[in-house]
Each structure stands twice: as structure tokens, then as C-alpha cells.
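Student: Modelling step: build the complete structure from the supplied sequences, incorporating the hints.
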Amino acid sequence: MPPGLPARAERLFAAGHAANLEGRPALAVRKLRAAVRLADGCEAEVRGRLLISLAWAEAERGRVDLGLRLLDEAERLLPPAGQALLHAQRAVLLRRNGRNDLALPQFTLAITGLAEPIDLVKALNNRALLHLDGGRVGAAREDLNRAARISLRHDFTAVTAMVRMNLGYLEVVAGDLPAALGTFAAVRPDYEHLLPARLSNLAVETARALIAAGLFGEADRELATAVDQATANGQDHTRADALQARAEAALLAGHPSAAADWAAQARADFTRRGNRRRAALADLLSLRASLATLRPAASTSTAARPSNPKNPQLRATAGGLVVDLKQGVSGASTSTSPLDFTLTSVNGPAAPKPRRGPFARPPGGTPPEADGRQPAGPKSADRQVAGPGVAGLATAGREAAGRQIAGPDVAGPDVAGPGVAGPGVAGRQVAGPDVAGMDVVGLATAGRETAGRQVAGPDVAGPDVAGPDVAGLATAGPEAAGRQVVGPDVVGSETAGRQVVGMGVAGSGVGAREVAGRARRLSWKLLRLGLAEDALVAMLVAARATVAERPRAAGRMVAGAGVPGRLDRLDTRLLWRLARAEVEAAAGRPGAASRELAAGMATLHRYRGRFGSLDLQTGASVHGRDLARAGLAGAVRDGRPGVVFRWSERVRAQALRLPPVRPPDDPEVASALEDLRQTRQAIRAAEIAGQPVVGLRGRADGLQRRIRESAWSVRGAEGGTTVASLAAVRGVLGETVLVSYIGGGATLHALVVDRSAVALISLGSMAAAEEAVVRLRADLDTGAGRAMPARLAAAVAAATRRDAAAMQAALLDPLLGLIGDRALVVVPTGLLMTAPWAMLPACRGRAVTVAPSATAWLAARDRSAAKLAQPPRARDQAAGGESRMAEALGRAAGYRVGMAEPLDRIAGRTERLAEPLDRIAGRTERVAELGDRTADEEKRAAERRAGRTVLVAGPEISRGAEEIAAIAGIRAGAETLAGDAATPAAVLAALDGAGLAHLAAHGRHEVENPLFSALDLAGGPLLGYDLARLRRAPGLVVLASCELGLTEVRPGDETCGMASALLAAGTATVVASVGRVADEAATDAMIGFHQALAAGRAPAEALADAAAGTGFVCLGA
1 MPPGLPARAE
11 RLFAAGHAAN
21 LEGRPALAVR
31 KLRAAVRLAD
41 GCEAEVRGRL
51 LISLAWAEAE
61 RGRVDLGLRL
71 LDEAERLLPP
81 AGQALLHAQR
91 AVLLRRNGRN
101 DLALPQFTLA
111 ITGLAEPIDL
121 VKALNNRALL
131 HLDGGRVGAA
141 REDLNRAARI
151 SLRHDFTAVT
161 AMVRMNLGYL
171 EVVAGDLPAA
181 LGTFAAVRPD
191 YEHLLPARLS
201 NLAVETARAL
211 IAAGLFGEAD
221 RELATAVDQA
231 TANGQDHTRA
241 DALQARAEAA
251 LLAGHPSAAA
261 DWAAQARADF
271 TRRGNRRRAA
281 LADLLSLRAS
291 LATLRPAAST
301 STAARPSNPK
311 NPQLRATAGG
321 LVVDLKQGVS
331 GASTSTSPLD
341 FTLTSVNGPA
351 APKPRRGPFA
361 RPPGGTPPEA
371 DGRQPAGPKS
381 ADRQVAGPGV
391 AGLATAGREA
401 AGRQIAGPDV
411 AGPDVAGPGV
421 AGPGVAGRQV
431 AGPDVAGMDV
441 VGLATAGRET
451 AGRQVAGPDV
461 AGPDVAGPDV
471 AGLATAGPEA
481 AGRQVVGPDV
491 VGSETAGRQV
501 VGMGVAGSGV
511 GAREVAGRAR
521 RLSWKLLRLG
531 LAEDALVAML
541 VAARATVAER
551 PRAAGRMVAG
561 AGVPGRLDRL
571 DTRLLWRLAR
581 AEVEAAAGRP
591 GAASRELAAG
601 MATLHRYRGR
611 FGSLDLQTGA
621 SVHGRDLARA
631 GLAGAVRDGR
641 PGVVFRWSER
651 VRAQALRLPP
661 VRPPDDPEVA
671 SALEDLRQTR
681 QAIRAAEIAG
691 QPVVGLRGRA
701 DGLQRRIRES
711 AWSVRGAEGG
721 TTVASLAAVR
731 GVLGETVLVS
741 YIGGGATLHA
751 LVVDRSAVAL
761 ISLGSMAAAE
771 EAVVRLRADL
781 DTGAGRAMPA
791 RLAAAVAAAT
801 RRDAAAMQAA
811 LLDPLLGLIG
821 DRALVVVPTG
831 LLMTAPWAML
841 PACRGRAVTV
851 APSATAWLAA
861 RDRSAAKLAQ
871 PPRARDQAAG
881 GESRMAEALG
891 RAAGYRVGMA
901 EPLDRIAGRT
911 ERLAEPLDRI
921 AGRTERVAEL
931 GDRTADEEKR
941 AAERRAGRTV
951 LVAGPEISRG
961 AEEIAAIAGI
971 RAGAETLAGD
981 AATPAAVLAA
991 LDGAGLAHLA
1001 AHGRHEVENP
1011 LFSALDLAGG
1021 PLLGYDLARL
1031 RRAPGLVVLA
1041 SCELGLTEVR
1051 PGDETCGMAS
1061 ALLAAGTATV
1071 VASVGRVADE
1081 AATDAMIGFH
1091 QALAAGRAPA
1101 EALADAAAGT
1111 GFVCLGA
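Once you know that position 469 of the sequence shown is 469 in full-length UniProt numbering, the rest is easy, because the numbers rise by one and skip nothing.
Keep in mind the hints are simulated off the structure, nothing from the lab. Misleading hints may appear alongside valid ones.
[Stated by the list, open to error] Label-pair ranges, simulated between beta-carbon atoms:
#, residue 1, residue 2, range
1, A553, P189, 53 to 61 Å
2, R11, L988, 57 to 65 Å
3, A805, A746, 16 to 24 Å
4, A14, R513, 58 to 66 Å
5, E142, P955, 34 to 42 Å
6, G588, A139, 43 to 51 Å
7, A553, E142, 44 to 52 Å
8, G82, P189, 34 to 42 Å
9, A689, R791, 31 to 39 Å
Everything numeric in this text was worked out from a predicted model, so none of it was measured. Just so you know, even glycine gets a beta-carbon here, dropped at the ideal spot from N, CA and C.
Tutor: Below you can see the structure in the form of C-alpha cells.
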């Protein structure tokens, strides 16, 4: 406290200083102004120190220029020896006002002159953020590590927490999101205890990392709370920063109108505060939102959305089946920049109750039926179906003063080094993670730019670049390739829907011309302000708005924009690839355009490989949504089936190519999982008893958050599966046909592959196909375990037959001439992932395997330890099969798009294969070898591979004990867990390394958090997150329960749910239901399935014989 103050002024200063530390700048301004008035007669140095504190409070209220004037006045009052604190505070305010070039020398003066350890720690912290603005990660890490050592030595617990959080932010900038998310989770308890008023800043930084990972819904919830807290605490700077990030989140989530609103508010705030850089970045977001709105309203073909494209929920009525569309929005993110770092007190104001943002999905759901394999009592969330809006790649950025814009126009994937920044770290001139405000005992900073960065040279070509026969680019309409089963994590597209040489690019007309002009002018403005990366983004926006009418001018814009550097955001690098591809397509060079898109997808996959969490691996695909959509649509337009296959495999289910990563043993996570089980049981009991559950749900949400955050911090592993080639898939198909469904537009296509030929078939409306799937699943749920009057039962049965026929007409009838009576491997897209194939008349008795991709099917097939080999076919059947499809192609000419490619023609054409030819040949030889074995020999070999059998019966299954007893009679020596013995811990221990596991229990698919989908056991549920901790996943898992075959389908046809968790962990085959199933039907089907399996049938064949007309599907291989 400044010496020599009158007693009342001392009290006012103490109150103002405490308010500054607690993050309540409005109160601090009132108290400190009063103290300054009372200090008129005091010594000049006393008044100067008061003005330093007041300057910080005024800056926090958004009056940065006033704060700088107060510091100028204080400088005249303070002696030279007392000005180090003033320099530190001025540096903070200059950075907050976007004048980083002036802030750095001020920090240097401060750090060399500060004597108090606490002040030195804050100055080092804040200078580190300035270094990060300029891309100087090493210098920033050095400052932060030094600050941490001093803080720990002097036991500055609150400041230590802030420094640790900024180290997390450093990892975001460096591109190590698992490390960043782990740091944010670890420091949260300290913030809750020591810095409650700064929790909004921590939430913002966590959300930025989640945006970078593609988890917009999760980020949204963080940010909606953060903006409320900043508003309640009077943190105007944090609030303005949050508004800008909220605009970015809305743009990425496909809500350009909301993005424009938030950006306009942010721009007004920054303009009022005199921060031209941040105002310009808000302009860039507004501009990108304008470009996105030029696209015609997306006729997204998600099933059953006649009136609402958000989140339809299924509802059965006595008169039939309808789709109940319930609006659900998944919260706009509000993000403030890395924290502004005045110390906050232990007893800061309580955080306001979190409010769900404008994109938040509503809770809801219908109660399950008591008779089905779904728990009695209310269900946490019903199935929802959301179709993606398509959004572009948001940026808003780091200042890059002195960056070289010119650079070679080189194709090939970006090579991401260890220091590559992640996507969505937008608006780099933001408030800095935890910035310390020097209010006599504190200092604060703002603003992140990237100063002094040079653009890296040409990108080095990578392995995933399309070969010379890759087709050009075509758009199949405004929808994106991957449909969703719920989930707001959808990137929108900036494409306005116009086709230029087959690629969807920004539309022409007055709107596009106006956007292009504004974008060019903004690009030059951003460059003058030192924001070179954002200048590049603005020029790319201009090019994309121009290419439809003036492709050559657009090409000049892209070339002049420069080449993104290694430290530039992922979304900037992917947007650059997309713009280059659009220019190449418009110039009539489809092969070059396709190579640009393939290079971008390769960059994204390398980025995805850093994550060990299935949640993050699947979420990251959203950043490549536009690239995938353009590449796949171009392949369909090209029409060559081989090209379509290559692109479809490149863009779908890429997370399953990564090796499974087991998280480290963590007693805290194990404890949280156990607590969550007990809490869920308590919720269920309270709901059944009609008691309030708000407190219990809050506790469950907190536990789920801890578990998810722990998973997010797990790093990825080296290696993984290469994308399968068409030749490799054909080499092992035998008498099976693979049908890969291709979405991405208004029209659904099917790629039909057997060992002799391949054909691309146009099937018609994607919307009709998806609606048929939704309706048939609703029929399935309506009829499962219900005791209905005869008239209603007859109506439901008629509806089921009608909807099954509609689904078959949309998906299979045009293909039956090619497929014949052969077994199927189905690779669905979007909502087709949840289709009940066994309910189709054409699939009764037919072996159907559902796989996320042909690559995933091939990998699962190779590693399968539990599958039983199919009996060898007669040689005359095999010989006839080679020509069967080729002959059928002539009959199917009315459906055909593209052409059939006989095997000898493909063999004669040079292809860029995803794996060496010798490996393909080796696999083919193994298949031939299997055919020479006798059925008995193959059965014995498969049984040896299968290993242990584990049978589990959960509670409240009416015939559960009978079911596993019957299966135990079929499977001699099986390990059985039932009743009180079937606890989650015992079941997990038994599952580890098992060959075959059968679990008969109530199941719930969790829409909000699919990896918390649950299988009810004695003592609590077994969760999807539990399965990641298996050291060796079972070879074959049967989930004899309701709806655990459902999955959230994210962009890129990435799947997330209980079955997905098993497949990702290494299980080769999962049998599960995509809907409700009655106990009686489940028990009979499962006994029949195991009888057929024991007789030597493959899982899909066994299921076809036993579970016809049910929702059970065979997933994987």
C-alpha cells in the first residue's frame, strides 16, 4: 500500500486494489477514484502509485486510452527508481490496444528494474504472451518457466496457477492440444479455489482448445458460461474478447447470421476502446459470415426434417409413426482471450449459473419401455438426428509483422512440424491467457498478435496426394458429405453453392462482388496493421468470392496472398488449400485441384494423429469438411468408380486408421468413474421416486467433465493403418459384395464392388433414404416390448412393412441385380450408419456386415481373432461369381453412373496404391490358402484363435440368466458373471483379452455424450470411457441390449458411441442393436446366433439366420 495516505484513502485504496484482484473493475474504479481525490495533498509518488492502479481498472472497463493517459500522468509524479512498475503496466495496456511494437521495450525496462518478486513474475508472464503473439514460442516458454520457478519459490499460489494456465495456452499455440487440455484441467481446481472471478478466462482458453479440436458443442458450453461471468464481473475487455470468439464459434458451427451479430458487437466494443487490430479482426469474421450467407439455404438431407434441420427426435403415436422435430441449438461460444492477469482474491464473486448458449441441444427424451433392454425409468436423452450445416474455416488472428507474403505456388501437403499451431486459435491479438495487471501489485495484458513471423517456403509433398488419374472437383449440392446423428460439431461452409467446373464455390452476383471488394480492402488494412496471416485469409475470401465470375483474377489473388507458414493455424492452411483447388478447378485442371484437396486432407490426418482420445480424433475431422466435400463431389462428377473409391476412403472414418491408445492408469479418473456410476444410480432411483435430481445431475455433469478432460490429454501413438486400395479390398472379398454409399449432396450414390468389377450407381434422393431409415427405426422402437391392442399392433406392423419397403427401395433395390444373393459389406454414410438392415426383406437370411469404411473393414478382418471362417465355396460357384456382377451390369445400365471396371483393366492401369503390392499379394495368398482347408480344420483354427468366452447378465433382464445359461451350454468353459457378481470392475477384468464376450443388459445410448453410453450392471453402469482402459479388447463383442449400436455421426462419417469405442479399442466385430429390443426377442435371437456361430458360421451369417426382423447389426468385420 502506498505510504502516507490518509486513513480513509487507505481504506478506499485497499478496497479498490482488492476489487482489481477479484476481477471487478467497475467497483475498483469507484474506490480508486475516491482514493485519488483524497490523496490530493499527499506526496507525488503516492499519487503516482494510485494512478497506476486506477489505470489498470479503467483499462479493464474498456477505457484503455484513458488508462494510458493516467500512466503518462503518473510518470511525471514518480521518481526514476519507482517507474519499473509503471513500465510494466504501460506494456500491458499497449498490448491490449494492439501496439505490440511499443509494448516490448516497455516490458524490457520493467523486467530489468522490478525488485519485488511478485511484480517480476507478472511481468515475465505478460512478456511471454507478447512473445506468443509474435510466434516466438521458445522465448515465451523461457519467460513462463522462469516465472513459474519464482512463483513456486515464494509460494505465490494464485500467480502460479495463472502461469500454469498460460503454459497451457502456449501448448495451444504450439499445436499440442492434449498437453494444453491436460494443463487446463489440472489448473481448474486452483482457479475454483483461488481465482473464482477468473474462471471465465480459464473457460475461454479451454474452449479455444476445444474449438481447435473440432468439439464446438463442448466449447460452446464453456463459452456461454464465460460470457455471463465476464458480464457479471464487469470485465468489459474479457467480454469483448468473448464476443469475438463467440462469432468464430458460430461461424464454424454453421450459423453465419449469429456469427455476424456477435462480430458486430465485438467490433463496436473494440472500436470504442481504440483497438484497431481487434476491430479489423471482427470485420474479417463479419465478412466471412457474409460470404457464408450468399450460399442458398442448405437443403440438408438429414432424414425426417420436413420443417426443422436441427435435431429431430423420434416419437411414436397411436395413429402411426411421426418424426417429432424439436428445435435444439448448440451453444455459441464466447471466448475471451488468454487471461488478463490481475490477481484475483480467494473470495471473489460467485460465478453466475451457467446458461446454455444459443446452439445448445435441449435435454429431453422419451421414457424407455419397461419391457425392452433399456432401463425402466426416465432416460437421459432420446435419439436426435441433426444434419450438418456447412461452414468454412474460421480465422481471426495472429499479427505477423514483417512476414513475407510472396512465396512459391507449390502444391503438396503442408508438413506440420512439432510447433504447428492448432486450428481455431483465432484472433491472436486477444487478451492473453492469464495476464497480470500491475495495479501497484499487479499487471495485466491484452491482445495476441503474431509479430515478425516469416512464411515458410513451399510445402513438401506428402504420401497422401492423389495420383494423376484423380478426378476433378464437383459439388453435389449444398449439403456436406457426413450426416449427423446429433452433434453440433459441424463446420459450416463459406461456399455459396455455385458450381465452377464442378466445384462448389462462392456464388456470383452483386453480393459476391461486394464481398470480394470488401475482402481485398480489408486484406490490405490487416497487412498494414501487422496481421499478415489474417490478411492472407481475407485475400482468400476475396478469391473464393471472385472465382465463379473471374477465375483468373481469383488465381492472382490466391498467388499474391502468399503461402501459410508452419505456425499458422490449421484452418488457415486448409482454407488456402481449398481456395487453390477452386482456382485450379475453375481453370479446367481437375487433377491439380484434386491434388490440392488431397494434400489438405493429409495435413489434417497428421494433425489428428496427435490425439489419443477418440473424442478428439473424431472431432478433428470437422476442420476438413469442405475439403472432403469438394474432393468427394469431384470424384462423383468424374464418374470413374476407382476414383470415387479412393476419395471416399480418404475422407471417411479416418479416426479408425489410428492405433488405439490406452490412457495411463489414473486413480483420480478411476474414482471419478466409480462416483459417476453411483451418481447415475442415484439419479435413476430419484426419478423413479419422483424426487428432484437437479443437484445429482450437476454432480454427474462435473464428474463427466473430469473424465472427458482426462481423456483429452492423452497423446496419440505412432503408426496406424494406411488407406486401403481398391485392389486390396477386391483381393479378399471372395463371394462377398461391398456396397459403399456416397453422400455429400442431394443425390445418394452407391459404389458396388466385387472381386470382378466395380460400378457407381445413382440411387436418388439422399433425403428420402435418410427419412426411410429414421422412420423404420421409429417403427422398431415402437414395437419393441410393447403390449398393444390388436388393432394398434396391426397398424404398427403395417407401418413397419411399409417403411422397410421404402428403405429397401431407396438403398438396395437398384443394386440387387448386381448383388444377387451374396453376402454384403455395407459402408454407410451419415444416418445410414444407424439403419436396421436385418428388417429389410432383401436382407432376411443374408449376411450383412456394417463397416465405417472399407479400410476399417479390411483392418478388422485382418486382426479378427474370434471370427469363424466361412466354409469353402464350391469351385464352380467361385468361378461363376467372377462374371456374375459384370453380366449384371448390363442389366443395371438404367441405374449406372460412371462405368464398371473389370479386374484385368484395373490391373493394367497404374494406380497409386495405399499399401505395397507385396502386402496385397500376401493377403490374397492367405485368402486362397483358407479356401483349401476343410470346414472342420477352419473351425478348429478359429476356435483356437477365439480364446476365452465371457458371458454377462445384467440386472432386471427378465430372461438374462436363461440366456447366458443357454449360451454357456453352447460355449463350454465360458466364464459367467451374473447377479451381484456382474459388477463393472469384474466385467472389465473379464473382458480384457477375451476372444468372445456376450453382455445381456439394459443399454442406453447417450446423445449428448456418446462415450458415456451405458450398459447397466450390478453396482452401476459400464461406460464407453471404461472400454478405452482395456489392455486388449475382446475379438468379438455381443451387446445384447437396446440401442448401443447407435452412434453419433460426426463430419467425415466419424462415429462415436459404445460400439465405436470397442472398434477403436481393437475389437474386430461388434454385434449390437440400433434400436430397442424386447427381452423375449433378444434372448431367442442371441441363443440362435451363438448356435450358428458355434456351428462355424461367420458372425454376420450367424446373425442373419437368428436375428432377422430385429435391430441387431454386425459391425466391423
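Student: So, for every hint listed, does it hold in this structure?
Tutor: Status of each hint after checking the structure:
1. A553 <-> P189: 53 to 61 Å: holds, 55 Å
2. R11 <-> L988: 57 to 65 Å: holds, 60 Å
3. A805 <-> A746: 16 to 24 Å: holds, 23 Å
4. A14 <-> R513: 58 to 66 Å: Between A14 and R513, where Cβ atoms are some 60 Å apart, the hint holds.
5. E142 <-> P955: 34 to 42 Å: Because 57 Å falls outside the window, the suggested range is violated.
6. G588 <-> A139: 43 to 51 Å: holds, 47 Å
7. A553 <-> E142: 44 to 52 Å: Holds - the Cβ-Cβ distance for A553 and E142, about 46 Å, lies within 44 to 52 Å.
8. G82 <-> P189: 34 to 42 Å: Given a distance of about 37 Å, which is inside 34 to 42 Å, the answer is holds.
9. A689 <-> R791: 31 to 39 Å: The hint (31 to 39 Å, Cβ to Cβ) holds, given that A689 and R791 are roughly 35 Å apart.
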